[in-house]
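Asks: Could you put the whole structure together from the sequences, leaning on the hints where they help?
Quick mapping for you: the protein sequence lines, in order, are chains A and B.
Residue numbers 0 to 615, in numbering that gives the first Met the number 0, belong to the letters of the first sequence in order.
Residue numbers 0 to 156, in numbering that gives the first Met the number 0, belong to the letters of the second sequence in order.
Check the hints yourself; a few may be wrong.
Said to hold, decoys possible - Partial chain A-side listing against chain B, Cβ under 8 Å, derived:
#	residue
1	GLY304
2	LEU577
3	ALA581
As the list claims (entries may be wrong) - If you want the footprint, here are the derived chain A segments under chain B, 3+ residues with CB under 8 Å:
#	segment
4	264–274
5	548–554
Please keep in mind that the hints were generated in silico from the structure rather than gathered at the bench.
In this text, a Cβ means the ideal position worked out from N, Cα and C, and glycines have one as well.
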Amino acid sequence: MKVYRASDRPAAPATASDLELLRQFEPVAYFTNGEPFFPTDVDHYVRDCSLWEHYPDEHEKLLVKQGELTLEKLVEPRPAAFGTVRFLRFIENLSLTESAQVLADQARLRLKLRNYFHAGIGRLARGGFLPRLVDGLFSLSFLLRGRVSAATAAAAELDYYEMFKEEPKYVYYGRVTRQNGWTILQYWFFFCFNNWRSGFHGVNNHESDWEMITIYLYENGGQLIPEWVAYASHDFKGDDLRRRWDDHGELQINDECHPVIYAGAGSHASYFRPGEYQAEFNLPLPNWFSGLVRTWNKFWTETLGQPAGNPFRIPFVDFARGDGLRIGHGAPQSWSPVLIDESTAWVSQYRGLWGLFARDPISGENAPAGPMYNRDGTPRSSWYDPLGFAGLDKVPPPPQALELLKSNCDKVIQRQEELEQLILEKAVELQSLGIEMKGMEGNPHLAKQHAALEKTISALGAEVKGLRRERSENTALLQGLAQQRERMNAGEQDDPRAHIRHLAEPDKPTLAFRFDRAAETWAAISLSLLLFAIAGLIFLAPHYVWAGLTIIFLLFLVAESILRAAFVQTIARITLILAMIATLILFFHFWKWIIVGALLTTGAFLMFQRLRELTG
Amino acid sequence: MARRKKNNRKKRPIAVTVIAAAIVALFLIRLYQVFEPLIRQQIFQNGVAGPLFDGWRLTDLGRALLSSVTYFVLSATGIAVLIGFLRLRRWSWVLLMSWTGISLAITLVNYYYAQRLLGSQPNYAVMASNVIIAFALNMTEVQRIFGIRRDESVPSL
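Replies: Below, the structure written as structure tokens:
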């Protein structure tokens with residue numbers, strides 16, 4: 000399809016069909032070496048799944064067996080009780096022998112495909128000691144909550160490989176919708192599995208994965224021109240998700256029309272730039288505890304001036320290196336697009352999960368729902384409000400922006416004229432009442448009228464003051480609007496990143512610790528060493544457990560700080576915490592003396608101040 | 000008219016003076032701890048009149064001398080740190096903060112065990128001096144003047 004140009008942007012005719020629009024701006028996806036799952040079609044996947052229901056009393060029921068399920072059967076109406084979870088199951092339960100078998104087969108497959116992944120400096124070395132301690136507890140929590148095993152991930156990898164051999168294609172599901180003057184192109188990608196945890200040391204594993212990016216176009220002179228691109232990603236929402244088409248530092252565009260996605264290995268989260276991103280997972284804490292942590296953080300940063308930190312936030316690395324398979328325009332592999340909308344039955348009529356319901360209470364290991372719904376079956380905001388999803392609901396398309404600005408200016412100017420007239424009238428009335436009140440003074444028999452008039456004058460005075468304030472504020476507003484109008488008329492554009500509050504930044508390539516290998520080894524073994532040391536302490540010196548624990552913990556922190564080149568800061572923080580404990584002890588023992596001392600000091604200071612004032 | 004020369008020297012914050020005073024106070028306490036065992040053993044009157052070791056163990060006199068020498072080294076270090084500190088040297092800040100941290104850790108452990116196990120009183124004067132020094136060293140202006148804080152991102156622990 001021919002590209003029509005408006006200024007420096009590519010454009011498509013407004014009359015183009017939805018599929019033509021999607022194809023013209025379809026993204027190019029760059030994956031990381033070692034990634035085993037790629038965007039695939041739901042039809043084939045569903046045929047390999049069984050359909051289940053999980054009931055509130057914890058039992059599960061098979062609705063349709065594997066091999067019998069189709070997209071048509073998936074959307075058949077099935078009434079269910081409140082609290083029922085409907086889900087697909089891609090990999091059936093594996094016995095111990097089967098698990099060992101699939102893990103061995105997975106290793107052979109990777110060897111055959113030469114599809115390896117090397118983490119480099121692992122996530123543990125990038126995070127600190129305290130988050131690592133919490134991370135250990137997080138790992139242990141998998142013993143208590145539902146999880147999707149590495150063997151399941153291996154089986155999914157093998158099954159996907161077989162599926163791909165049967166139908167070798169890379170699919171995106173495209174949706175075109177129009178809202179508030181914007182034409183919105185959504186590209187949905189379906190993956191059979193998310194193996195971020197077992198494959199890439201990430202947060203979670205789950206069957207099936209839905210990812211999405213959106214391109215926002217506006218119409219100008221019969222042409223549709225791209226203005227914004229939004230990628231769904233961890234930890235970010237609203238304005239932070241989108242980049243302007245001309246922000247070449249952030250957004251890579253291939254062949255002028257095709258934005259590049261750097262997909263996170265295993266997680267499939269979309270990034271604008273290649274690199275290794277620190278995604279952070281916030282532990283779900285009880286409200287009262289979160290409140291305590293917030294209060295402590297406020298005291299720590301604002302009162303003590305220390306850098307902010309949250310040990311209950313575990314750092315995970317999302318590897319979006321872009322050194323693996325590439326799909327899309329100019330890449331070795333190409334897309335097979337499929338149009339979807341609300342009339343597509345499996346999109347709108349299947350509200351269940353697209354993979355295993357792992358009974359994980361914090362949902363990380365449960366499969367996601369489809370493009371239109373959340374896990375609980377409620378509508379997904381990125382589907383019903385694609386503008387609000389990327390913070391664009393408040394942003395007009397550029398051609399309308401100038402008109403809106405002019406209309407705003409006109410409204411303010413009109414209000415200013417009204418205010419001028421009102422202020423003039425009210426001011427004259429105020430003066431007239433003022434002189435009337437003056438005339439009442441010295442006449443005791445007019446006291447009542449005088450008091451009433453005083454009230455009226457006070458109210459009128461406040462009204463005039465308010466009107467004058469409004470006029471003054473409007474003058475400033477008009478200046479701002481006029482400047483903006485001038486800039487827009489001159490074709491000047493704002494900073495493309497002015498709307499971003501938190502920019503996703505990959506770790507610097509030069510990120511290095513003082514002793515790379517030592518830091519990594521230490522990161523891997525330190526937690527276990529700590530546990531061994533505690534065990535030794537309990538066995539060898541049971542009477543000194545608390546003192547020993549404190550000293551061991553401090554020694555570990557100091558060792559960590561030396562490896563992370565943060566010795567000075569660490570020593571300062573530790574000393575500060577010890578000083579706070581000592582302060583509490585001193586206050587506990589000497590509170591009377593401390594209060595008396597404070598009173599005497601304050602008294603002496605005040606006396607000094609007053610006497611200095613007295614003696615000039 | 001001769002212009003006054005602009006003073007390029009770093010201005011010393013009041014907290015530095017407070018810390019210096021606290022170091023002097025600690026020095027005096029340590030100095031007392033140098034002489035107290037020597038006086039107790041009447042070394043100034045009798046000299047070192049007796050053996051220091053009993054086999055592999057220290058005698059009372061040996062322990063008193065060792066304690067005195069240790070506190071003397073600490074006092075001398077305190078003076079060195081004080082000089083570096085008044086000259087606004089970075090190493091003295093690091094040394095003092097480390098020293099304060101270690102001292103606080105020992106004092107806190109001592110507080111817990113001195114009361115629970117030994118029944119004696121911990122040294123609250125040392126604890127209070129350390130607290131003052133720790134908070135004063137943590138002040139932003141003090142850290143800036145010693146080149147500790149440069150408002151750059153610090154790796155989290």
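Asks: Just to make sure I understand the rule, a stretch counts as covered if three or more of its residues have a C-beta closer than 8 Å to a C-beta of the chain. Does the segment 264–274 of chain A meet that for chain B?
Replies: With 0 residues close enough to chain B, the hint is violated.
Asks: Verify the coverage statement for the segment 548–554 of chain A against chain B, using a C-beta to C-beta distance below 8 Å and requiring 3 or more qualifying residues.
Replies: holds (count 3)
Asks: Holds or violated: is there a CB of chain B closer than 8 Å to the CB of A:ALA581?
Replies: holds (5 Å)
Asks: Should the hint that A:LEU577 touches chain B count as held when the rule is a Cβ pair under 8 Å?
Replies: holds (4 Å)
Asks: How about A:GLY304: closest beta carbon in chain B under 8 Å, or not?
Replies: Holds: closest Cβ of chain B sits about 5 Å from A:GLY304, inside 8 Å.
Hint violations for this structure: number 4 only, all remaining hints satisfied.
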